[in-house]
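Heads up: the sequence lines are chains A and B, in that order. To convert, note that position 253 of the first sequence is 253 in the numbering used here; the numbers rise steadily by one, no gaps. To convert, note that position 125 of the second sequence is 441 in the numbering used here; the numbers rise steadily by one, no gaps.
The set of hints was computed from the structure by calculation and includes no laboratory data. Among the clues, some could well be false.
As the list claims (entries may be wrong) - What follows is a list of derived Cβ distance ranges for each label pair:
#: 1; chain 1: B; residue 1: 338; chain 2: A; residue 2: 13; range: 51 to 61 Å
#: 2; chain 1: A; residue 1: 302; chain 2: B; residue 2: 338; range: 56 to 66 Å
#: 3; chain 1: B; residue 1: 546; chain 2: A; residue 2: 68; range: 13 to 23 Å
#: 4; chain 1: B; residue 1: 501; chain 2: A; residue 2: 181; range: 54 to 64 Å
#: 5; chain 1: A; residue 1: 139; chain 2: B; residue 2: 482; range: 37 to 47 Å
#: 6; chain 1: A; residue 1: 70; chain 2: B; residue 2: 527; range: 35 to 45 Å
#: 7; chain 1: A; residue 1: 139; chain 2: B; residue 2: 337; range: 21 to 31 Å
#: 8; chain 1: B; residue 1: 338; chain 2: A; residue 2: 76; range: 44 to 54 Å
#: 9; chain 1: B; residue 1: 318; chain 2: A; residue 2: 181; range: 30 to 40 Å
#: 10; chain 1: B; residue 1: 361; chain 2: A; residue 2: 82; range: 53 to 63 Å
#: 11; chain 1: B; residue 1: 546; chain 2: A; residue 2: 50; range: 51 to 61 Å
#: 12; chain 1: B; residue 1: 342; chain 2: A; residue 2: 66; range: 22 to 32 Å
#: 13; chain 1: A; residue 1: 70; chain 2: B; residue 2: 539; range: 44 to 54 Å
#: 14; chain 1: B; residue 1: 338; chain 2: A; residue 2: 142; range: 45 to 55 Å
For glycine and all other residues, C-beta sits at the position ideal for the given N, C-alpha and C.
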Amino acid sequence: MTIDDPRMTTPPVVPALQLDHVSRWYGNVVAVNDVSFALGPGVTGLLGPNGAGKSTLLHLMAGLLRPSAGQVLVRGRSAWRDPAIYADIGLVPEKEAVHPYLSGYEFALLNAQLHGVAEPAAAAVRAIETVDLADAAHRPTGTYSKGMRQRAKIAGALVHDPTVLLLDEPFNGMDPRQRLHMMDLLRSMAAAGRTILFSSHILEEVERLADSILVVHAGRLAAAGDYRSIRRLMTDRPHTFTVRSSDDRRLATALIADPAVFGAELADGRLSVSTSDYAAFTHILPRVAAASGISLHEVAPTNDSLESVFSYLVSR
Amino acid sequence: MNVFGPLVSVTLRGVLGRRRLLLMLLLVALPVAIGLLVRLAGGRPDAGVILDNLVVRMVLPLVALVLGTAALGSEIDDGTVVYLLVKPIARRWIILATALVASGVTAVLVVPSAVLTGLLTAGIGSASLTTTFAFAVACLLGGIAYSSAFLALSTVTSRALVIGLVYTLIWEGIVAGLLEGTRFLSIRQATLGVAAALGGKRPGSEPLEPAISFVILAVVTVGALVIATRQLARFEVRGGD
Numbered sequence: 001m002t003i004d005d006p007r008m009t010t011p012p013v014v015p016a017l018q019l020d021h022v023s024r025w026y027g028n029v030v031a032v033n034d035v036s037f038a039l040g041p042g043v044t045g046l047l048g049p050n051g052a053g054k055s056t057l058l059h060l061m062a063g064l065l066r067p068s069a070g071q072v073l074v075r076g077r078s079a080w081r082d083p084a085i086y087a088d089i090g091l092v093p094e095k096e097a098v099h100p101y102l103s104g105y106e107f108a109l110l111n112a113q114l115h116g117v118a119e120p121a122a123a124a125v126r127a128i129e130t131v132d133l134a135d136a137a138h139r140p141t142g143t144y145s146k147g148m149r150q151r152a153k154i155a156g157a158l159v160h161d162p163t164v165l166l167l168d169e170p171f172n173g174m175d176p177r178q179r180l181h182m183m184d185l186l187r188s189m190a191a192a193g194r195t196i197l198f199s200s201h202i203l204e205e206v207e208r209l210a211d212s213i214l215v216v217h218a219g220r221l222a223a224a225g226d227y228r229s230i231r232r233l234m235t236d237r238p239h240t241f242t243v244r245s246s247d248d249r250r251l252a253t254a255l256i257a258d259p260a261v262f263g264a265e266l267a268d269g270r271l272s273v274s275t276s277d278y279a280a281f282t283h284i285l286p287r288v289a290a291a292s293g294i295s296l297h298e299v300a301p302t303n304d305s306l307e308s309v310f311s312y313l314v315s316r
Numbered sequence: 317m318n319v320f321g322p323l324v325s326v327t328l329r330g331v332l333g334r335r336r337l338l339l340m341l342l343l344v345a346l347p348v349a350i351g352l353l354v355r356l357a358g359g360r361p362d363a364g365v366i367l368d369n370l371v372v373r374m375v376l377p378l379v380a381l382v383l384g385t386a387a388l389g390s391e392i393d394d395g396t397v398v399y400l401l402v403k404p405i406a407r408r409w410i411i412l413a414t415a416l417v418a419s420g421v422t423a424v425l426v427v428p429s430a431v432l433t434g435l436l437t438a439g440i441g442s443a444s445l446t447t448t449f450a451f452a453v454a455c456l457l458g459g460i461a462y463s464s465a466f467l468a469l470s471t472v473t474s475r476a477l478v479i480g481l482v483y484t485l486i487w488e489g490i491v492a493g494l495l496e497g498t499r500f501l502s503i504r505q506a507t508l509g510v511a512a513a514l515g516g517k518r519p520g521s522e523p524l525e526p527a528i529s530f531v532i533l534a535v536v537t538v539g540a541l542v543i544a545t546r547q548l549a550r551f552e553v554r555g556g557d
């Protein structure tokens, strides 16, 4: 037996989801631009502002959009035009619509039947109980609230016990209790070896649930990896505060001496201060003002929207 | 294939919405009501004329258009088709199930309408029965072709209802009657050809040859199902960010 014997080599690990230089454009509009990443088991948050390309990415991964360039692989198989991949995938689309004439149970049952689950009725009951929808299981989904419809969609996606779960804004419309329940459920599924990717434009949702994140902005992958390190990048980015005080000029002079402050500008009767350390500045400012005998009238962070955070990450 | 039953069931429930069903029932009741009125007034018109004008030219294409475009088109429009597509099933099963529902419901509505209209206007004499039977079979086959064609149209465009209406009213209603050569591109002409072949010839008309009529309906049906399957296989979702 030689070293070249195929039985001696370790089989390569195939990522559950893999995007290789994937782009998608609609005419002249680029929705996704040269995105590459690979995902394995665990919960990954797909974070980005509205219109960033999150849904397009999820649709590409679900085989519901053809990549204009690059390749999307699910367990090593092309996602485009291969219905067999759906044995592995559970998809919760963002669009709210569920067949309004079906009850939650019937919807889960239909999904189980179309997946060829061995005991579809039992699987449907389990899925409905898992998403805590048993009380309304036999009501038409047309009478459901947004959160209930969302849970029905998740039941339909879970019913065949997929190894890859793609969820587009799954917590939309859920109340805080349902949100926590769903987060616990997704965490336990990830702990059992599933690959879960969920999109959100809410940083706190991602923070609470995801082990790793993908940040997308304007169709590009702005950052990818461990949540904490990306969060640090977000926190440590330059921040600008607008300050009004009893003596803006003297306050600017006093602040600029501090190493955490790298810029101070007086314009339109307001003081604009730039800092590289958000947390430190919030401690320094009142201390410096008090030491100089200056009263603070107003302190407001500027450019603190998620949009600006994502722009900063893309520009790095 | 054990997914066929659930696919048929969910399509059937989607197609048989209360308002749509009521509209269809009113439409198919129209020729029956006219037949009844003619009968009560003591008239005995030729069954072929009534069935041709009211059922084949009006009721059949409209019912097939509404049902054919709704069977899958409404799911495409509201986005619920995604739940059928993200399943490990061949796209042809989805098309066959929706086509079966569209053509089946069309037949269940239009064929009894044709039979009742024929019986009411022409009675139950031997010749009348032959005419009624011929139009009933022609409506069955024409309904399958029409609903398959309109189903395929709904996978190609979101304006299937309007385009289908234009085809029915303008192409079949005007162009195919004026230009001899275009009759081969008319499901209505093929349907009338089948009716004539089975003994339901309208006086004074010159229908298509029986063999050509059957071939046209078969080609339209099979071609439409092939196109619809191919369209669904490369279906892409609309919208999203």
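Evaluation of the provided hints:
1. 338/B x 13/A: 51 to 61 Å: holds (58 Å)
2. 302/A x 338/B: 56 to 66 Å: 59 Å Cβ-Cβ, so the 56 to 66 Å window holds.
3. 546/B x 68/A: 13 to 23 Å: Holds - the Cβ-Cβ distance for residue 546/B and residue 68/A, about 20 Å, lies within 13 to 23 Å.
4. 501/B x 181/A: 54 to 64 Å: holds (58 Å)
5. 139/A x 482/B: 37 to 47 Å: holds (41 Å)
6. 70/A x 527/B: 35 to 45 Å: violated (52 Å)
7. 139/A x 337/B: 21 to 31 Å: holds (22 Å)
8. 338/B x 76/A: 44 to 54 Å: holds (51 Å)
9. 318/B x 181/A: 30 to 40 Å: At roughly 33 Å between Cβ atoms, residue 181/A and residue 318/B fall inside 30 to 40 Å, so the hint holds.
10. 361/B x 82/A: 53 to 63 Å: holds (58 Å)
11. 546/B x 50/A: 51 to 61 Å: 34 Å Cβ-Cβ, so the 51 to 61 Å window is violated.
12. 342/B x 66/A: 22 to 32 Å: violated (43 Å)
13. 70/A x 539/B: 44 to 54 Å: violated (34 Å)
14. 338/B x 142/A: 45 to 55 Å: Distance hint for residue 338/B, residue 142/A is violated at roughly 18 Å.
Violated hints, listed in ascending order, are 6, 11, 12, 13 and 14; each of the other numbered hints is respected by the structure.
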